[in-house]
Amino acid sequence: MEKIILEHFQNRKQEKETIPKNIPVIVSHTVVHKFFLEVYSLTIFTFRFFKEVFVPPYELNELLKQSFLIGYKSLPLVAVTSFIIGLVLTVQSRPTLEKFGAESLLPMMVAISIIREIGPVITALIFAGKVGSGIGAELASMNVTEQIDAMQVSHTNPFNYLVVTRVLSATIMLPLLVVFSDAVGLFGSYVAVNLKGNVSATIFFSQIFQSLEFKDVFPAFIKTFFFGFTIGLIGCYKGYNSNKGTEGVGKAANSAVVFASLMVFIIDMIAVQITSLLQN
Amino acid sequence: MTTETSTRETKDDDKQINSVVVEMQHLKKSFGDKEVLLDINLVMNKGENLVILGKSGTGKSVLIKCIVGLMEIDYGKLLLFGQDISNLKANKLTELHRKIGFLFQSGALYDSMTVRENLEFPLKRQVTTISKAEMNALVKESLENVGLSETIDMMPSELSGGMRKRLGLARTLILKPEIMLYDEPSTGLDPITSKEISSLILEVQKKYHTSSIIITHDRECAKLTANRIIVIKDGVCAAEGSYNDLENSEDPWVRSFFE
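Those sequence lines, one after another, are chains L and D.
According to numbering that gives the first Met the number 0, the first sequence holds residues 0 to 279 in order.
According to numbering that gives the first Met the number 0, the second sequence holds residues 0 to 258 in order.
Bound-form chain L, shown alone (with noise of 0.2 Å):
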């Protein structure tokens, strides 16, 4: 028997052997098999979602729980980085329209690029780095770790437990969280409108909002749900899927990142081209 054994793996090692190595042929037949291999397991991973959501029990605890740890404890870099970046883009903007004789419609001008695209986009990716990497790392290190298995083995849905929940409240996190980027933004706006001027807030804010139109923010708003989906989703795939090892949560963390980073500007430019679609 042993030798039989050792004659099968033997076998085995002689067919490896002789498969050429380095081929670029081979090598991007890989890469390509393997793109699509992820897509696919990307295409399963999100219909179970769908499918385990609506599926008992519903872990509302837990979904409080990560909606504090994803939305509220994302705030003070919301705040800051919005703040900057309200501040800064009034700032550049300025000498702009000054050359122009349009300063006035500094406010309208920035409150319009703000609530379109700055402050989703901005806080989708601030928000992809933050909780995308978050998600992936703690997802791979609990399956390092097997507290998935020791939950299955628990006889809990590990998928329901960890991944609806987490996928839930980044897709409702995410848009209270813009909607709190952009305020911050316009007030950066505002402290930078007054630093070369003096400008009333009363004047500044009532110019934007008799500036802004429905679909300035309705549309901007409703991607952000989708910005919001596709961070958690992918967060949980790249964590719940990771090799065993030390070395896979790193990876799961640093994929989460990038690909969910990615994804937000082709959700964007898709939802871009939508609207003037709709608008036309």
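A few of these clues could be false.
Computed cross-link-like contacts, BS3-like style, restricted to lysine-lysine with a CA-CA straight-line distance of at most 30 Å [what the hints assert, rightly or not]:
#, chain 1, residue 1, chain 2, residue 2
1, D, K139, L, K250
2, D, K98, D, K76
3, D, K54, L, K243
4, L, K72, D, K123
5, D, K64, L, K50
6, D, K64, L, K250
7, D, K123, D, K175
8, D, K54, L, K50
9, L, K33, D, K175
10, L, K64, D, K123
Over the 12 Å line for every Cβ pair with chain L, so calculated as not near, a few chain D residues [what the hints assert, rightly or not]:
#, residue
11, G68
12, Y74
13, E140
14, L147
Listed next, with one range per pair, are the computed distances between beta-carbon atoms [to be verified]:
#, chain 1, residue 1, chain 2, residue 2, range
15, L, Q91, D, S156, 41 to 51 Å
16, L, V52, D, P190, 43 to 53 Å
17, L, Y39, D, D73, 14 to 24 Å
18, D, L201, L, N253, 18 to 28 Å
19, L, E246, D, N226, 39 to 49 Å
20, L, V271, D, A132, 53 to 63 Å
21, L, L41, D, S198, 40 to 50 Å
No lab work stands behind these hints, which were simulated from the structure alone.
In this text, a Cβ means the ideal position worked out from N, Cα and C, and glycines have one as well.
Given the structure of chain L, go ahead and fit chain D onto it with the hints provided.
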């Protein structure tokens, strides 16, 4: 006379069938090209401690992960409590798996939760009708069983390796499983703590009448806990017997585990 004898034989057979809690027949499991388990045949009887020995990478952990449902078998039969799992519906299989507890090598404590929350976690999800007072009592009892009552409000990161293992055991035992699967319970522990864990395994067997499969490399652990030992080599059960039988085996490879 003949009828009486045959009835007695049938009853004896039934008893034997009922007493077998885990049975594996020609079980195979591979990962891609790597064949880990080639032909595993084993039987575990009710109330016994079955120790599985073998070199690292021989698929001992894979074997018990198949039993608890963390991995699926590729080929062969796996019978739990006399029922072939391949013929069972998902809910029936879940019911059987509920009777099995698993102690992970690392303890696998949820590090975002306190000790109390770790113990309450499986209870809240499995015993839906339990009151807060009952849950508190069960948590306290489980912690007392493993001698860790004082750690109730601590975080897992504040505990030592041995404490984490004992806590993992408490979390598993809180659901009163009929079968316990221990994945290297004494690995990474000092000899004294290792002995404590082995004694705890024996206490669990006596107190809860559990049947256990213990995966270990630790000779002392095997000596203390085993009613029967199986040695796995190259994906098959290479030897079987009591500690004394295998210690004096004619096969030098088997004997090497006990030197």
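Do the hints match the structure? See the list:
| no. | hint | result |
| --- | --- | --- |
| 1 | K139(D) x K250(L) | violated (40 Å) |
| 2 | K98(D) x K76(D) | holds (19 Å) |
| 3 | K54(D) x K243(L) | holds (21 Å) |
| 4 | K72(L) x K123(D) | holds (28 Å) |
| 5 | K64(D) x K50(L) | holds (26 Å) |
| 6 | K64(D) x K250(L) | holds (26 Å) |
| 7 | K123(D) x K175(D) | holds (14 Å) |
| 8 | K54(D) x K50(L) | violated (42 Å) |
| 9 | K33(L) x K175(D) | violated (44 Å) |
| 10 | K64(L) x K123(D) | holds (17 Å) |
| 11 | G68 | violated (8 Å) |
| 12 | Y74 | holds (15 Å) |
| 13 | E140 | holds (18 Å) |
| 14 | L147 | holds (18 Å) |
| 15 | Q91(L) x S156(D): 41 to 51 Å | holds (46 Å) |
| 16 | V52(L) x P190(D): 43 to 53 Å | holds (49 Å) |
| 17 | Y39(L) x D73(D): 14 to 24 Å | holds (22 Å) |
| 18 | L201(D) x N253(L): 18 to 28 Å | violated (46 Å) |
| 19 | E246(L) x N226(D): 39 to 49 Å | holds (40 Å) |
| 20 | V271(L) x A132(D): 53 to 63 Å | holds (58 Å) |
| 21 | L41(L) x S198(D): 40 to 50 Å | holds (48 Å) |
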